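Peer 1: Here the protein sequences line up with chains A and B, keeping their order.
For the first sequence, the numbering used here begins at 1 and goes up steadily by one.
For the second sequence, the numbering used here begins at 284 and goes up steadily by one.
A couple of the hints might just be wrong.
In the DSS-like style, the derived pairs of lysine-lysine whose C-alpha atoms are separated by at most 30 Å in a straight line are [said to hold, decoys possible]: (1) K845(B) <-> K728(B); (2) K24(A) <-> K582(B); (3) K582(B) <-> K314(B); (4) K841(B) <-> K23(A); (5) K853(B) <-> K797(B); (6) K582(B) <-> K542(B); (7) K165(A) <-> K61(A); (8) K93(A) <-> K24(A); (9) K728(B) <-> K23(A); (10) K61(A) <-> K802(B); (11) K797(B) <-> K851(B); (12) K165(A) <-> K23(A).
Everything labelled a hint here was simulated from the structure, so no lab data went into it.
Owing to the predicted nature of the structure, the values given are computational and were not obtained by experimental measurement.
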Amino acid sequence: MSAHAGPIDHHHDHTTTSGIPNKKLFMWGFLASDCMFFAALISTHVIYRLHPTPDTPDVRKIFSIELTSFSTFILLMSSLLMALAVGACQKGKVEATRKMILGTIFFGIIFLACQVYEFFHFIHLGLTLSSSMFGSTFYTLTGTHGVHVAIGVLWLILMYIRSFKPADAGRAWIARALLQFAAFAFATVSIMIVMLAITHAGAEQGYSLSSALGALHHTALSTTATGVFLVSCAILFVLGRSSWAVDFGEANAVDVEGMGLYWHFVDIVWIIIFTVVYLLEYL
Amino acid sequence: MEATLKTDYNAKDHAPIAAARPWFFTRPTAKTGLVSWLTTVDHKKIGVLYGIFSLFFFLVGGFEALLIRIQLAVPNNTFLTHQLYNEMFTMHGTTMIFLAVMPLSAAFFNYIMPLQIGARDVAFPRLNGFAFWVFMAGAIILNVGWFTKAGAPDVGWFGYAPLTSNQFSTHFKGDVSTDLWIMGLQILGVSSVIGALNFIVTIVNMRAPGLTMMRLPVFTWMTLFTAFLIILSFPAITIALIELMMDRSFGTGFFEVSKGGLPILWQHLFWIFGHPEVYILILPAMGIISEILPTFSRKPLFGYPIVVFSGAVIGFLGFGVWSHHMFTTGMGTMATAAFALATMAIAVPTGVKIFNWIGTLWGGQIHTRTPMMFALGFIWMFMMGGFSGVMHSAAPADAQQQDSYFVVAHFHYVLIGGSIFSLLAGVHYYFPLVFGRMVSEFWGKLSFWVIFVGFNVTFFPMHFLGLNGMPRRTAVYDGNMGWNEGNLVASIGAFILGIGIFIYFVVIIRTYFKGQVVKRDPWDARTLEWAVPTVPPPEHNFHVTPTVHARDAFWYEKTHAKEIAAEKAKHAQEEESHGGIHMPNQSWFPIFTACGMLIGALFFAHHNFQGAIVGGVITLIGIICWAFEGPGGYHLHLDKEGNVTRDESQ
């Protein structure tokens, strides 16, 4: 699986002066920088909450704290899966790593879907980017965080695809990787459309199984999206069942760990945003 | 453990060589010619690229300064329109800071720092190339305005709100100069942060055996501090620029007073970045000076730990003084007093450094070669700039000096007398290392004296102009204000300075082609960058990774030649038995990805979001291919005569 003959020490890299792997140190440095990035953004939001403009809406009437609490919980749980993925990779368990990465992707997409729904919903209620200073700071802050999550999901998807790289360098796999990537892209977009259709139907007719199923063929778009989602998932399922020896394993644990550091960081930032932007409004 | 390591290396060596890869993953191997420069991952080549382009932009910025001085030479001049004048001082400041001094420092970081720590390259060679190409993308975006109807950015290098708001730049459709400024700075920030992260990892992780942190050359220490300042301060301006971009492109009101925005917020965010930025400009300069002074005083740096520690203190305090740029905004007495005190405190570590440099000179055998002349000029001129800096730190005095030519005099004394003098010294000092040729003493010293005289004639009168009330950034002044003589003298000085810089460049270019060829270590230097086997250094820097036994590692090598030779022979054998010298492969994807960013940013600045998405997709494809191409690498084998053979095993 890996070219290394001896056991790999995941906490000490003998080729570097400090013993910390280069990639890990790079990620820590980047996260330090990103801390300042979010500190500046969150400060902007707080400053304008303390100097509210006259057009500030009644925030509690707009927020749906139940939904955001749910998506926060989902994001926290995705961190658990991410940690399990790192652990599995450090033990060289490729299958388990893949499953945990898929789980993290799934939870990450649920979080993003909640945010997309939330944005649609808030705009429906009249809170837009330019409707008030609150809208400007809220969407810029949570949107930037959402972009971080989306980049994380993209990274996870690429890592998942990377885990299928065959050990036999002669075996062609790039077309396969592209197909896998396209399937992920279509699945992500289509599930967003489906979720939006379901929640809109639920909001209009009450949440029930029949309203959800009805939403799936309510419009041409939602019907197509449902089909695309099912086909993409089928492709992913088939392509996910490889049996050849792969060039991915314990030696890649540092890559998965770096990705994990990023994911946990984005998660921690969300805990702060959830507290400052949402919970403090209810004090 | 040792046994596992050996098998580990052997297993890698005898691993099968990768079979044919698809054409777009083929690694370029050109060592000369255009492709070798476009795809380079060699820190020395990247350093040279940074050097060439930063010196080019230094000339561009200097030309803009001369135009400004022509306009101000006489009262009520009509040489430049007011609009053009605004563009000149904006682009002069932005160019000199982001496209001249920072990348020239980066040139030294790239070229010198890995040599000083005995490394063969930086930690992430492709990322290093990427940082350079992203810098070029940012430089193009910032300057592209000159060639459009909208003109260059005209909001000042500080871009104060509300000057940047839409209502001041919608005279006609397509006036995007401010958007170009935003995207240009944003992209340059990406370049700086990526470069800085790379340097941090390199210094922490890639030091030669025996090179403990407290043996690091001071320039490497200053590289490390600068890198930390960059990664921690740039996010503030990134956010400020994102918010401004949202205001201009998507109708938010972060800095729009009519929508309840607070222009003062821009000032805070800008200066939280902007003040550490001035230390980003001066700390590398201090590092270069700390290398030159010991070499030409023939003794070790005086008080090494104190010099390092005061560098750290300057960097740390640098984050707590930003509001001294805002004393006149009415922050309240408490905040003003606190920031004034913190600012005064920063003079302490800076003064300590000055005393250490004087201590290095004291009792030394001083050789006044050209680099040393610039270094001595640095100490004196930087002190003058420091003194006027302490004067500003007193808030009541600052209320008089704010936005006057006194401030202009101050920061040119620290930026030219400080950073530029030191960087010019560095160019002279390292020219033999980089190109194997030495600048002639006569012409070098002549350029120094002309620059020194021209600089003082230009900027010393500005102190008095400022105290007599002449405001910054005014295109014209009346003849009855008592500013005529000072301005005329300053303009004459500017041309003397220009002539000095011209001599300097002609001499450098002539030396590159016809200068005296020198052997390695022409200055009898002390630090590891001079321990390379030849000048210019071979691709792999050192035939054998050096082992460091003392702080001035190369000096120790020269005084312990026998032991070092025996040790090197032993290590050479070990290295060969471990598979030879590992070198990184060249790659197309750094420049490819940077091109994607350039395209995306240009479209974005023109509010063409489909085009921006196309640029983003190109960037993404570049990143993915980059990742899947893998780090790669090859090995070099040396025989007894130092001949190099290459094998492609990774």
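Peer 1: Confirm or reject each hint.
Peer 2: Results for each hint:
Our distance criterion of 30 Å between C-alpha atoms is broken by K845(B) and K728(B), whose separation comes to about 38 Å. At roughly 39 Å between alpha-carbon atoms, K24(A) and K582(B) are farther apart than 30 Å, so this suggested pair is violated. Distance check on the hinted pair: K582(B) and K314(B) sit about 39 Å apart at the alpha-carbon level, beyond 30 Å; violated. As the CA atoms of K841(B) and K23(A) are separated by approximately 36 Å, the hinted pair breaks the 30 Å bound.
For the hint pairing K853(B) with K797(B), the CA-to-CA distance comes to about 39 Å; that exceeds 30 Å, so the pair is violated. For a cut-off of 30 Å, the pair hint linking K582(B) to K542(B) is broken: about 62 Å separates their Cα positions. The straight-line distance between the Cα atoms of K165(A) and K61(A) is roughly 50 Å, outside the 30 Å bound, and the hint therefore fails. As the CA atoms of K93(A) and K24(A) are separated by approximately 21 Å, the hinted pair is consistent with the 30 Å bound.
For the suggested pair K728(B) and K23(A), the alpha carbons sit about 46 Å apart, so the restraint of at most 30 Å is broken. Using a Cα cut-off of 30 Å, the hinted pair K61(A) and K802(B) is violated, with the two alpha carbons roughly 77 Å apart. About 35 Å separates the Cα atoms of K797(B) and K851(B), which puts this hinted pair outside 30 Å; it is violated. A hinted pair counts as satisfied when its Cα atoms are at most 30 Å apart, and K165(A) with K23(A) qualifies at roughly 21 Å.
Of the numbered hints stated above, those contradicted by the structure are hints 1, 2, 3, 4, 5, 6, 7, 9, 10, 11, listed in ascending order.
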